[in-house]
Amino acid sequence: EDQVTQSPEALRLQEGESSSLNCSYTVSGLRGLFWYRQDPGKGPEFLFTLYSAGEEKEKERLKATLTKKESFLHITAPKPEDSATYLCAVQAGAENTPLVFGKGTRLSVIA
Amino acid sequence: GAVVSQHPSWVICKSGTSVKIECRSLDFQATTMFWYRQFPKQSLMLMATSNEGSKATYEQGVEKDKFLINHASLTLSTLTVTSAHPEDSSFYICSAPRGGVETQYFGPGTRLLVL
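In order, the protein sequence lines correspond to chains Z and A.
Each residue of the first sequence is one higher than the one before, counting from 1 in my numbering.
Each residue of the second sequence is one higher than the one before, counting from 1 in my numbering.
Check before you lean on any hint, since a few could be wrong.
As the list claims (entries may be wrong) - In the DMTMM-like style, the derived pairs of lysine to aspartate or glutamate whose C-alpha atoms are separated by at most 25 Å in a straight line are: (1) A/Lys41 / Z/Asp39; (2) Z/Lys42 / Z/Glu60; (3) Z/Lys103 / A/Glu63; (4) A/Lys41 / Z/Glu9; (5) Z/Lys42 / A/Glu59; (6) A/Lys41 / Z/Glu81; (7) A/Lys64 / Z/Glu1; (8) A/Lys41 / Z/Asp2; (9) A/Lys20 / Z/Glu45; (10) A/Lys41 / Z/Glu1; (11) Z/Lys103 / A/Glu87; (12) Z/Lys103 / Z/Glu17; (13) A/Lys41 / Z/Asp82; (14) Z/Lys103 / A/Glu59; (15) Z/Lys57 / Z/Glu70; (16) A/Lys41 / A/Glu59; (17) A/Lys41 / Z/Glu45; (18) Z/Lys59 / Z/Glu17; (19) Z/Lys42 / A/Glu87; (20) A/Lys55 / Z/Glu95; (21) A/Lys64 / Z/Asp2; (22) Z/Lys68 / A/Glu63; (23) Z/Lys42 / A/Glu22; (24) Z/Lys42 / A/Asp27; (25) A/Lys41 / Z/Glu15; (26) Z/Lys103 / Z/Glu45; (27) A/Lys55 / A/Asp27; (28) Z/Lys103 / A/Asp88; (29) A/Lys41 / Z/Glu70.
Claimed, not checked - Here are some, though not all, of the chain A residues that point toward chain Z, as calculated from beta-carbon distances under 8 Å: (30) Thr49; (31) Ile93; (32) Pro97; (33) Thr103.
To be verified - Calculated Cβ distances over 12 Å to all of chain Z for the following chain A residues: (34) Cys13; (35) Gly16; (36) Val19; (37) Phe67; (38) Thr80; (39) His85.
In short, the hints are calculated from the structure, not lab data.
Remember, predicted model here, so these are calculated numbers, not experimental data.
From the three backbone atoms N, C-alpha and C, an ideal C-beta is built for every residue, glycine too.
With the hints as extra help, turn the sequences into a complete structure.
Shown next as structure tokens:
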């Protein structure tokens, strides 16, 4: 059974205090690992897709990395507007297969 | 801009009534759409896969007679919660994979409150 575990469950940072979120996964035949951002009461917003170990992607203050067992979402010099829940998900098999999500990390950035 | 829409964004209904939620892909065709449910401070749990032109497939533990799914066209899937009860109150979110794009797009979600 495919599983995704995210840690920590919640993270509180001061503005400018860099940190990393962890996503550990077990999946048979990884097609892609996805990072989403979700604000309260809204649907997930796509951030990154990673396909193979060693791959990295960046967007503004965020950088996602992937190994064979886990992924990290690095947040550099966060701002209060980065406060949200960050979801990690994996997809196995074909393109039209559903994602398996972790429980997310609730990030709070304090000014 | 948004590529998947949902309607309504929120609904309050009395116990025993049925509620229909629509999910539309706005500028692409989706032969497959997914319906998820999210309880407070929990992650998204897959309920069912909606397939255009064929029956939906449901995850274990999801009652197909209670959560009716109809994939009416290549841009529209509907989820009907029949005889809703307070325990059905949740946040329902749909998603659609877009061919040739490396992700699945999610709708904004529908908040259902059953009194």
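So, going through the hints one by one against the coordinates:
no.: 1; hint: A/Lys41 / Z/Asp39; verdict: holds, 12 Å
no.: 2; hint: Z/Lys42 / Z/Glu60; verdict: holds, 21 Å
no.: 3; hint: Z/Lys103 / A/Glu63; verdict: holds, 23 Å
no.: 4; hint: A/Lys41 / Z/Glu9; verdict: holds, 10 Å
no.: 5; hint: Z/Lys42 / A/Glu59; verdict: holds, 23 Å
no.: 6; hint: A/Lys41 / Z/Glu81; verdict: holds, 19 Å
no.: 7; hint: A/Lys64 / Z/Glu1; verdict: holds, 23 Å
no.: 8; hint: A/Lys41 / Z/Asp2; verdict: holds, 21 Å
no.: 9; hint: A/Lys20 / Z/Glu45; verdict: holds, 24 Å
no.: 10; hint: A/Lys41 / Z/Glu1; verdict: holds, 23 Å
no.: 11; hint: Z/Lys103 / A/Glu87; verdict: holds, 20 Å
no.: 12; hint: Z/Lys103 / Z/Glu17; verdict: holds, 23 Å
no.: 13; hint: A/Lys41 / Z/Asp82; verdict: holds, 18 Å
no.: 14; hint: Z/Lys103 / A/Glu59; verdict: holds, 18 Å
no.: 15; hint: Z/Lys57 / Z/Glu70; verdict: holds, 15 Å
no.: 16; hint: A/Lys41 / A/Glu59; verdict: holds, 21 Å
no.: 17; hint: A/Lys41 / Z/Glu45; verdict: holds, 17 Å
no.: 18; hint: Z/Lys59 / Z/Glu17; verdict: holds, 17 Å
no.: 19; hint: Z/Lys42 / A/Glu87; verdict: holds, 21 Å
no.: 20; hint: A/Lys55 / Z/Glu95; verdict: holds, 19 Å
no.: 21; hint: A/Lys64 / Z/Asp2; verdict: holds, 23 Å
no.: 22; hint: Z/Lys68 / A/Glu63; verdict: violated, 36 Å
no.: 23; hint: Z/Lys42 / A/Glu22; verdict: holds, 16 Å
no.: 24; hint: Z/Lys42 / A/Asp27; verdict: holds, 20 Å
no.: 25; hint: A/Lys41 / Z/Glu15; verdict: holds, 24 Å
no.: 26; hint: Z/Lys103 / Z/Glu45; verdict: holds, 15 Å
no.: 27; hint: A/Lys55 / A/Asp27; verdict: holds, 24 Å
no.: 28; hint: Z/Lys103 / A/Asp88; verdict: holds, 20 Å
no.: 29; hint: A/Lys41 / Z/Glu70; verdict: holds, 23 Å
no.: 30; hint: Thr49; verdict: holds, 6 Å
no.: 31; hint: Ile93; verdict: holds, 5 Å
no.: 32; hint: Pro97; verdict: holds, 5 Å
no.: 33; hint: Thr103; verdict: holds, 5 Å
no.: 34; hint: Cys13; verdict: holds, 18 Å
no.: 35; hint: Gly16; verdict: holds, 26 Å
no.: 36; hint: Val19; verdict: holds, 18 Å
no.: 37; hint: Phe67; verdict: holds, 15 Å
no.: 38; hint: Thr80; verdict: holds, 20 Å
no.: 39; hint: His85; verdict: holds, 22 Å
Checked against the numbered hints above, the structure violates only hint 22.
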